[in-house]
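> The chain contents come next:
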Amino acid sequence: MSVETHAHHEHPDVVGSRNRLGVILLLVADIAFALSMVFVYFYLRGQNVNDMWLPAATADHPAIEPLSAGPGWTVTAIAAFGLLAHMYGLKGARAHNQTQLKLGSLVAFVASVIAIGYQYNTISSAPFTFSDGAYVSCFYMFAFLNMVHLLLTLFISFGNWNRARLGLYVENFWHVDIVRIWWIWMVVSSLLGAFSLSYP
Amino acid sequence: MTDLMPPKNPQWWKRSDVKKTFILWIICTAVIGYVGVEFHVRNLVDPASETMSSIISLMRMFTWAAAPVAGLVTAMSLTVLTSKRHYGDNPPAEADHEIRNSPKAAAVWIVISGLLCLFALIGGLVVLEQENEGVLNTQAIQVDVTGQQWLWNFDYANGARSEDLYLPVNKPVVFHITSVDVKHSFWVVQMGIKMDANPGYTTETAVTPNKIGVFDVRCAELCGLLHAYMQTKVHIVSQADYDAWLSAHAAMEAGA
Amino acid sequence: MTTLTQHTSAAPGKSIIEKLNVFTALALGVISAIVVWRLSLALLPQDSEEVRLFSREDKITLLSMCAWFIGFMTGIGALVGPMRWVMGKDLSHDENMFLAGENMGPKRYLRYTTDHKVVGIQYLFITILIFFLGGGLAMLIRTNLGTPEGGWLHAQAYNSIVGTHGILMIVGTIIMVTGPFGNFIMPIMIGARDMAFPRLNALSFWLIVAAAVPLIWGQFIGGITTGWSAYNPLAGQAPLGMDGYIMYICIFAISTMVAGANITTTVVKMRAKGMTWNRTPIFIYGVVASVALALPAFPVFFLSQILSAFDRALDTSFYNTAGGGSGWLYENLFWIMGHPEVYVILIPAVAALMEMAPVFTRRPLFSFNIAVLGIAGISGLSVLVWAHHMYISGWAPLLNAPFMLTTELISIPTGMLFLVLIGTLWRGRIWMTMPLMSIFALLWNFMIGGVTGIYLSDVPADAFLHGSMYVTAHFHYTLMGAGLTGALAALVYWFPKMTGRMFDKTLSWIAFWMVQIGFNVAFVGMFMVGLAGQPRRVESYAPTFSTANLVTTIGAYTIMIGMLVLLHGVITSARNGVKAPKNPWQAKTLEWTVDYPIPLENFDVLPVVTTDPYGYGKAKS
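Protein chains in written order, with the UniProt record's numbering: chain A, 1 to 200; chain B, 1 to 256; chain C, 1 to 621.
Don't read these hints as lab results, they were simulated from the structure.
We put the beta carbon where it would ideally sit given N, CA and C, even for glycine.
There may be inaccurate statements among the hints.
To be verified - With a straight-line Cα cutoff of 27 angstroms, these simulated DSS-like cross-link-like pairs (lysine-lysine) come out:
#	chain 1	residue 1	chain 2	residue 2
1	C	K269	C	K588
2	C	K618	B	K104
3	A	K91	C	K89
4	C	K89	A	K102
5	C	K582	C	K618
6	C	K588	C	K505
7	C	K107	C	K14
8	A	K91	A	K102
9	B	K171	B	K104
10	B	K84	C	K588
11	C	K107	C	K59
12	B	K20	B	K104
13	C	K89	C	K14
14	C	K505	B	K84
15	B	K20	C	K618
16	B	K233	B	K171
17	C	K618	B	K14
18	B	K19	C	K618
19	B	K84	C	K618
Unchecked claim - To list a few chain C residues with every Cβ distance to chain A over 10 angstroms, as calculated:
#	residue
20	K19
21	V30
22	I31
23	V86
24	P106
25	L133
26	T265
27	K269
28	G274
29	F298
30	S326
31	R501
32	T506
33	K582
34	N583
35	V605
Please construct the entire structure, taking both the sequences and the accompanying hints into account.
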């Protein structure tokens, strides 16, 4: 969404629709990436090589199931809230209400910050180490996917809010529209992880 | 515009280039089929099992099935190449036609390639089915094959263990294959069987050796430093020799 | 179009954009790598006794390589655009023109230049470099295999050379058509002023440069001893050089995704007025099919390597069976990418020859629709055939029959490509040039590659052939005999447009015949040893294989000489070849309507297209 051609005389709608397609195509790649993670999860779960899918219970952590999917769903919920806030802002932009746009963008940005904090906490407080079996490996895989996506979301939603604040979206706001596509994918990708982890 | 033949000459098969191509096609098909089959059969190892023999006849069959198509492409290429060629820095005159397609030719081409595809599939499935049944044979000799960097271990039901494989002739055998470190591939060359040795899994393959002699076992999956040297021999012997070898080895293992 | 510099804002001193170039990138990359290396060496805790694989060194290596990558990309200026977007200070028109390399001279080739023609030349340069290195490694392999006992190279070095040759050539062949010609020629061919996202275009090129360093780095820390497929768990126990491979693949995968989104968007959104889909040149279809196929395929490869890095550096258990991982998982991930990838290589090369066929036979392309259908059919089926690489892995014997079906089905759309090429040659006026002969060479080589592919697609026959030299010969016939042949023809064909000079005819003929004859000698020999039972990737072999191996080695040297002649041709023709007219081949696609040197934005007035570019034949003249 940060890209414009140097043929500056083109109509913003033309540039907007081109950027929209470009972002969707990049998302195709990211979707393939996330879906292959789901494949990894269910493949390893089905194989259960050496009976090492779930870690054996120890004195430190008797069972890991209660912890498994909860954080994933919470991050998804926070991301969904961010998406709603962003859409509220987009609606404002459509209605030429700049205040609503700024407010929505700001709240979305804050949501991404909260989600990152929460996700970081989940990773650092997990009651197992990397070498505790295939399920645990997959737990970290999805957690890191979320983390990378959330950091991108942080970057994008901050930029979006900042640009809204500077009044760059008064005349045309296709950037805001494309950021919404990213937010939707942020929610869906997080959902994919949470969904998978719900089947330990 | 969509016709293969220009209107002034409706009988396309009477064109000289078509006739030439037809003759070349027959010659090319015969040459490609013959050379292709001989190339494969002469270079392939001598079979030491029915499995390998059927692989060889499959390749013979596929080569003859592919020969007419390959022959046609070659014949048309040769006709074009032996027609008037233009050298020079400027283009030759434009062609005397503007044929853009020929639905008939395309349809024939696609139907034939579809049929050849079906033929190859059926040929493969028939042989595949025979092989799959072999694995289920409980009467067969069962040998556990373990790959490790960079040698093979063979364990027999009576406790015998060896780094060379000994088997009786004309007896079905089922291999249960695994690995202790990285992925290897158990290839009994002259018997036409190959199955990966995967750490954490056991895979199966089956064969019935039908020739007395010494044959090759090689690793067919890059497995580290000495992959090239990860090979051993399989000795196919008579039933009596096999029994003697087996009990001697079992005793050795027990004594060790 | 180019008179806009008068608006230049009076900015005092040089802005950050003007300062960045490849030297600042190298400096920042090296400094970041060294700093992170020293820091992680000092700060990372020792491995505990419990870990299965010692991972501290892998962590240090991977972190340093990441630091190199980020430092290099920052230093070249990849972050300028995104940062300016966040700050709300979008690049001005003048800044964009500066980035496009307006009035900059040769220096623009060393910068983050967005002009697609600059990127195309940069890609051409790096493709040649990759082939030079990969070819050199191939010669080392063949020299070592000239005698049965090998031994000229140490086994570890030999394995590493095999792996590096493989991955260099895979990357080289992936970019050999879509990189130089997809970037330089494609936008002009569709009548566009530039790519849809010029900065992403520069990004995709410089990512490949950034990726090269970890690969070379890896050679000095143990090498890539696993073959290009880097199967786990072998890769898990491989030396630190493996981390170089992982980084190389990850960065290259990003480059491929970025290029895929960019090229596809350009073609979908920016074709000239009147260029409907049935007037779009077939080469464009080939390029788009290739990059669009890479879009869903390469992320899977990317993931497979990230998980490999996790296993090595964090001791996780994705592929490590002791902890519940599975080697079959790796194989699946790898080949889900790996099979579409061979068509990513092949399709644009064949499409380039389809583009040239009408030009050198002076007749219309035969069956444009079938050509499009063939390309689409191959692309669609190619994502459903990956497990034919795993027939004998034992992962799912029941799936062997269905995958045999899909694999053999792919011969139908492949046959369509043959039909189009042979149909176009038929009754054409043969203009004897190196590109024209390349069409015949492709038909011959691809026919051998295709027929041997039928044996390999057959499960029982594959049980004998898999993992043998036969497979190696087969895929060299498809990727090199067909793919590279198309790319070399494209080089000679578009050379006048890219350099303003004709490619030396004599040299192109000498190179063509040496490469093609050497190629067929080399790989027929390789088929022979494969049938006789020689496994792939071995540094020594039984004496029975020695004659055919020697034949292969002799063939390989012939290819090398031919390639060096070609390289000599590229250099001398670009320097002092005959000046090329605007349209030396009298072709009808749009790139031949612009003069050399091509202006920055290609067209003063955007062209309007009224017919397809294949209107040859008497009725039209």
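> Now, for every hint given, state plainly whether the structure supports it.
Cross-check of the supplied hints:
no., hint, verdict
1, C/K269 x C/K588, "holds, 22 angstroms"
2, C/K618 x B/K104, "holds, 23 angstroms"
3, A/K91 x C/K89, "holds, 24 angstroms"
4, C/K89 x A/K102, "holds, 17 angstroms"
5, C/K582 x C/K618, "holds, 23 angstroms"
6, C/K588 x C/K505, "holds, 22 angstroms"
7, C/K107 x C/K14, "holds, 16 angstroms"
8, A/K91 x A/K102, "holds, 11 angstroms"
9, B/K171 x B/K104, "violated, 54 angstroms"
10, B/K84 x C/K588, "holds, 23 angstroms"
11, C/K107 x C/K59, "violated, 37 angstroms"
12, B/K20 x B/K104, "holds, 21 angstroms"
13, C/K89 x C/K14, "holds, 17 angstroms"
14, C/K505 x B/K84, "holds, 20 angstroms"
15, B/K20 x C/K618, "holds, 24 angstroms"
16, B/K233 x B/K171, "holds, 18 angstroms"
17, C/K618 x B/K14, "holds, 22 angstroms"
18, B/K19 x C/K618, "holds, 24 angstroms"
19, B/K84 x C/K618, "holds, 17 angstroms"
20, K19, "holds, 20 angstroms"
21, V30, "holds, 26 angstroms"
22, I31, "holds, 24 angstroms"
23, V86, "violated, 4 angstroms"
24, P106, "holds, 20 angstroms"
25, L133, "holds, 28 angstroms"
26, T265, "violated, 4 angstroms"
27, K269, "violated, 5 angstroms"
28, G274, "holds, 17 angstroms"
29, F298, "violated, 7 angstroms"
30, S326, "violated, 5 angstroms"
31, R501, "holds, 28 angstroms"
32, T506, "holds, 41 angstroms"
33, K582, "holds, 24 angstroms"
34, N583, "holds, 25 angstroms"
35, V605, "holds, 13 angstroms"
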